[in-house]
Amino acid sequence: MNTLRLWRLLVVARIRAQWQYRASFVIDTIASFATSSLDFLAVLAIFTHLHTLGGWSVHQVAFLYGAGGIGFAMADLFVSNLEQTSQLVRTGQFDVMLIRPAGTLTQVIAGDVSLRSVGKATQASLVLVYALSGAAIHWTVGRALMMLAIVACGALIFSAVWIAGSCIVFLTVDGDEATNAITYGGNFFAQYPLDVFGPWLRRLLGFVVPTAFVAYFPALYVLGKPMPFGLPGWVRFASPLVAAVALGVATAVWHIAVRHYRSTGS
Amino acid sequence: MSGSDDDTAVVMARDLTKHFTVRRRAGRVRRDRVTVEAVAGVTFAVPRGTIVGYVGPNGAGKSTTVKMLTGILVPSGGEVRVAGLEPSRRRIELARRIGVVFGQRSQLWWDLPLADSFELARHLYAVPRSRHAARLTECVDLLEMAPFLQTPVRQLSLGQRMRGEIAIALLHDPEVLFLDEPTIGLDVVSKAKVRAFLADLNALHGTTIVLTTHDLGDIERLCSRLLIIDHGRTIFDGALNDLRDRFEPNRTLVVDLAAPQPALRIEGAQVVRVDGARQWLRFDRRTTTAADLVARVAVAADLVDLTVEEPDIEDVVARIYRDGSAAF
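Each protein sequence line maps, in turn, to chains A and B. One point on numbering: in this note's numbering, the residue at position 96 of the first sequence is 96, and numbering is uninterrupted. One point on numbering: in this note's numbering, the residue at position 27 of the second sequence is 27, and numbering is uninterrupted.
Note that these hints are calculated values from the structure, not bench results. None of the hints are false.
Going by beta-carbon spacing under 10 angstroms, a handful of chain B positions derived as facing chain A:
hint: 1; residue: S117
hint: 2; residue: E119
hint: 3; residue: P152
None of these values were measured; they are calculated from a predicted model. Just so it is clear, CB atoms sit at the ideal spot from N, CA and C, and this is done for glycine as well.
Please work from the sequences and hints to get the whole structure.
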């Protein structure tokens, strides 16, 4: 049975089960919208004192925030059930996934869809509208396509980060906090221009947890900004490649980690 | 111990080991790494179509073994084959050919009606619709699940849920069924239903069954063969009767006489208790038959009624746990 069909099947089952708690879905969605809005107020607060941040105007930073945020919300929607991995491993319920004729990663991801992230996606879209209203962009077909690529690659790169981050719980049962630091931390850093970070953090975000490829590098192209740090121009177009490699590495790490699964007593 | 090269063996383990590294507190901050041998070289073979009971005290390594047989855990050493496959390497292929029931884990979808879980299993295992329907009807009938098929799983009683767990493990018609403590926490009626169902399954479909249990009733009712494991090693592998013969050859004949009288003196038996007109005579099943003994008692006294008591299997197993392999 192919992975996509299985995913759809499990997700539909989950949504049917969740439908019994629809009031809590509405509250969660509103809460998600509200908390991420506060998040953006923090960005605006910085600009009450500064006109530019690392050479980026408020609308340009809003562009990073909005475009990256939509990608993050999509990853959140589809794969955030990976956060349940630690719970599954701790309770031994992961055993059940191993005795079914289907991939463990698909089963964990399909365990739930986080519909509340619709709230986050809405908020990020509004921020993006604000950004586009103020940032003077010379639209071309290439730049419009790049907008789509930012959202798609963002979703894939964050998904890869989520998958790789979840593997920590197979090695140490108390790995949740480390995982959260990588996933949510990665999103936080993706919201700011790379220029404001020190060289050590820049390398981390560029090559290890590659969130600089979510919005920052492609945004240089869309906004028509010069390449910083003496980097070659093609880096602006490398996001799809980075997304593919990141997903490949993350899935490989997951399969290695599962072989270290220890289950629990009885 | 039985050989492990049996061609008809559908489950096979040879020198199977599993060790875990655990960190133990050794002082305020310092922690030592300690290696724990959960399974320390277990060897056995289960011929197709048998029901094997896998028993042992808590922490003996039963569940760990079953998890290696089902592909959940990767063995540290030794060899495992189930239905000819190496479980941890060919997990997905194996999953289609075995069924697993955990007393302590659920395979059902908690918030959905039981019937929905069965439908999801049909897709998961890609079972053709007609075959699935036939199998489901059979399970629903035999396990008497019709009254609660449309009830969300979270509202089922433990007995109902357990029947659901067994059914979902069987809908893809597996060759081998593994059960880890299937009757734990069930009431007497539910236990009886589950046992009867498993016995039928084995008789009608020839399904090989491997079950771990603490409930010796499960073993007496179901298992033709018994594997006892302790401290990660097999300490007994044989039939239930062999176990009795080897560890507790004595049986007891309880006789009710017409009137109270002093302890009888009967050849081949010893009176161990007298209570009014009732007397308890212990004898060795290997040297004396119950029939001979009854005949001798009838000659010596006026016999009204009698029963033969088998040694309590629980006592036998408890003694083996206590003495360990030193009993051999």
